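Here the protein sequences line up with chains P and S, keeping their order.
For the record, in the first sequence the residue sitting at position 18 is 18 according to the numbering used here, with numbers rising by one throughout.
In the numbering used here, each residue carries its 1-based index in the second sequence increased by 1000.
One or more hints might be untrue.
[Unchecked claim] What follows is a list of derived Cβ distance ranges for each label pair:
id, chain 1, residue 1, chain 2, residue 2, range
1, S, A1167, P, R168, 36 to 46 angstroms
2, S, F1254, P, G51, 42 to 52 angstroms
3, S, G1079, P, W119, 34 to 44 angstroms
4, P, G51, S, G1079, 36 to 46 angstroms
5, P, G51, S, A1167, 41 to 51 angstroms
6, S, G1238, P, G51, 24 to 34 angstroms
7, S, A1258, P, D96, 58 to 68 angstroms
8, S, H1063, P, A73, 51 to 61 angstroms
9, S, G1238, P, R93, 49 to 59 angstroms
10, P, G51, S, G1373, 52 to 62 angstroms
These are calculated hints, taken from the structure and not from any lab test.
Every value quoted in this text rests on a predicted model; they were computed, and no experiment measured them.
Glycine included, each C-beta is placed from N, C-alpha and C at the ideal position.
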Amino acid sequence: MTALRPDLAVIAANVAAGSRVLDIGCGDGALMAALRSQAGADARGMEIDAGGVASCVARGLPVIQGDADTDLAFYPDGSFDYAILSQTLQTTRRPDLVLDELVRIGRKAFVSFPNFAHWRVRLSLLWGGRMPVTRLLPVAWYETPNIHHVTIDDFRSLVAARGIAVERAWYLSGDRETSAAAANFRAEHAVFLLSR
Amino acid sequence: MPSPSAASVQRLTLAEPLTLDSGQVLNGLEVAYETYGSLAADRANAVLVCHALTGDQYLASPHPITGKPGWWQRMVGPGKPIDTDRFYVICANVLGSCMGSTGPASMAADGAPFAMRFPVITIRDMVAAQVALLDALGIARLHAVVGGSMGGMQALSLAANFPARAAAVLVIASAARQSAQNIAFHEVGRQAIMADPAWAGGAYYAGRKKGPEAGLAVARMAAHITYLSEEGMHEKFGRRLQARPDGTAGAKTFGFDADFQVESYLRHQGLSFTDRFDANSYLYITRAMDYFDLAEEHGGRLANAFAGSDARFCVVSFDTDWLYPTAEARSVVHALSAAGAAVSFVELSAPFGHDSFLLDVPALDRVVAGFLGNGG
Chain P
1 MTALRPDLAV IAANVAAGSR VLDIGCGDGA LMAALRSQAG ADARGMEIDA
51 GGVASCVARG LPVIQGDADT DLAFYPDGSF DYAILSQTLQ TTRRPDLVLD
101 ELVRIGRKAF VSFPNFAHWR VRLSLLWGGR MPVTRLLPVA WYETPNIHHV
151 TIDDFRSLVA ARGIAVERAW YLSGDRETSA AAANFRAEHA VFLLSR
Chain S
1001 MPSPSAASVQ RLTLAEPLTL DSGQVLNGLE VAYETYGSLA ADRANAVLVC
1051 HALTGDQYLA SPHPITGKPG WWQRMVGPGK PIDTDRFYVI CANVLGSCMG
1101 STGPASMAAD GAPFAMRFPV ITIRDMVAAQ VALLDALGIA RLHAVVGGSM
1151 GGMQALSLAA NFPARAAAVL VIASAARQSA QNIAFHEVGR QAIMADPAWA
1201 GGAYYAGRKK GPEAGLAVAR MAAHITYLSE EGMHEKFGRR LQARPDGTAG
1251 AKTFGFDADF QVESYLRHQG LSFTDRFDAN SYLYITRAMD YFDLAEEHGG
1301 RLANAFAGSD ARFCVVSFDT DWLYPTAEAR SVVHALSAAG AAVSFVELSA
1351 PFGHDSFLLD VPALDRVVAG FLGNGG
């Protein structure tokens, strides 16, 4: 088994044992499998791609083919200890509404996303004048699934405006943590633990 | 390795009368079934497969009338997704059918066939008969109940009404209620049967009288169209013309013979169906499907149906299935999510319409094998 992506490793290390977890945008189920084996979690998933869902089900993971923008409404309030949205927020049509759903369904929510204000992205725009193609944003502008690019400061102000509390945050450059102070410039990606 | 064709042929007569949803009571109910594989000592490896409208218990063994391979031979057998080396697989002919279980062609207490005196049955009645079979086989809890189309309705009904009896529920190309469009197609079929003078009010069993074969064939033709996709039909037949007996191909007759290959195919499907299926059974089973509405049975809210269930669920739909489209599957999944059930759902891509669940769709094999084999 390959190592978890850094943001997933942060999430996996911070989910309380035996929790009920909904992983939205669970891909091939790597995080769910880790949560199940490491934390004894009751992990459920949602994934938009049929191939990803079929892989998960073939591994015995309960995953629903669905869309974060439309299919979260059917879960009752507080039905999970954690709702997790990793590297998916920037692909949704209405990230603000999806965030509301996360903290409604989950008592707490983990959200991770690539930081569009990372210095490499800034340099690419400033000096190249072109939409950046980086390690975490590897796809050209015309075919990227990322339709709502977001920076760490944007995210902080959105959650503040919606009355969502930040319980903890991790700012990552590669797989190393960087400080909160310069995170908007230095972090390639971030993980937030939220609650209502 | 035992061959599925060597499977046992068995029939159970229920000791207790069965009270139906209609309030009527059936005595001496018979349930014909087939089993494949062996029951483990702990009796925990049983998988019940529920068949569709015109299906039967010959899941993975040759049909005794047509001689054709079992209808899910590709899915059930040693090393197959429903692995008979691991699982004890049971398939019973549904109540109301005509392959050995009690139905309208069976003898009533007066020694004459029931015909239209047979009580109208429901999906839940069919499931009650299946559960009585499980009782007789000493199976308290199934490893899984599996079904496609009407079989999926039975699987859902079993999960809702007998929640302790299955640890996992796999529902393929099905729905929690019959749609208006599907009721409409069934009504076309029933009217075709009843419009055939040979139907004779259902009393066609006596002597060597022929049943309503023309009507039943038309019913089957209409239904068969709903099992395919437009794309699949186009692929298979297009506008191609039939070869004539004299060897000329592609000529229109300027008459009403089966000029088009698709006409010839449907006529064949209709006619061959009458060899193996009883017209009255077709009336009763389509009626049972039409009455099926799991939410209605549970206070109008589908999630209530699954409130008592701790089973794992897996729901599968196909993108070209317009008979039981993905929207129907999604409403089941949303209800299961609302009830807090562990549910998986995937819409698979396959060109064969509703019939995809019976045909070569490798992604379905992976999902079925994974769902049954893992997470137990």
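The hints, checked one at a time:
{"no.": "1", "hint": "S/A1167 with P/R168: 36 to 46 angstroms", "verdict": "holds (38 angstroms)"}
{"no.": "2", "hint": "S/F1254 with P/G51: 42 to 52 angstroms", "verdict": "holds (50 angstroms)"}
{"no.": "3", "hint": "S/G1079 with P/W119: 34 to 44 angstroms", "verdict": "violated (55 angstroms)"}
{"no.": "4", "hint": "P/G51 with S/G1079: 36 to 46 angstroms", "verdict": "violated (24 angstroms)"}
{"no.": "5", "hint": "P/G51 with S/A1167: 41 to 51 angstroms", "verdict": "violated (27 angstroms)"}
{"no.": "6", "hint": "S/G1238 with P/G51: 24 to 34 angstroms", "verdict": "holds (30 angstroms)"}
{"no.": "7", "hint": "S/A1258 with P/D96: 58 to 68 angstroms", "verdict": "holds (60 angstroms)"}
{"no.": "8", "hint": "S/H1063 with P/A73: 51 to 61 angstroms", "verdict": "violated (46 angstroms)"}
{"no.": "9", "hint": "S/G1238 with P/R93: 49 to 59 angstroms", "verdict": "violated (40 angstroms)"}
{"no.": "10", "hint": "P/G51 with S/G1373: 52 to 62 angstroms", "verdict": "violated (19 angstroms)"}
The earlier numbered hints that this structure contradicts are 3, 4, 5, 8, 9 and 10.
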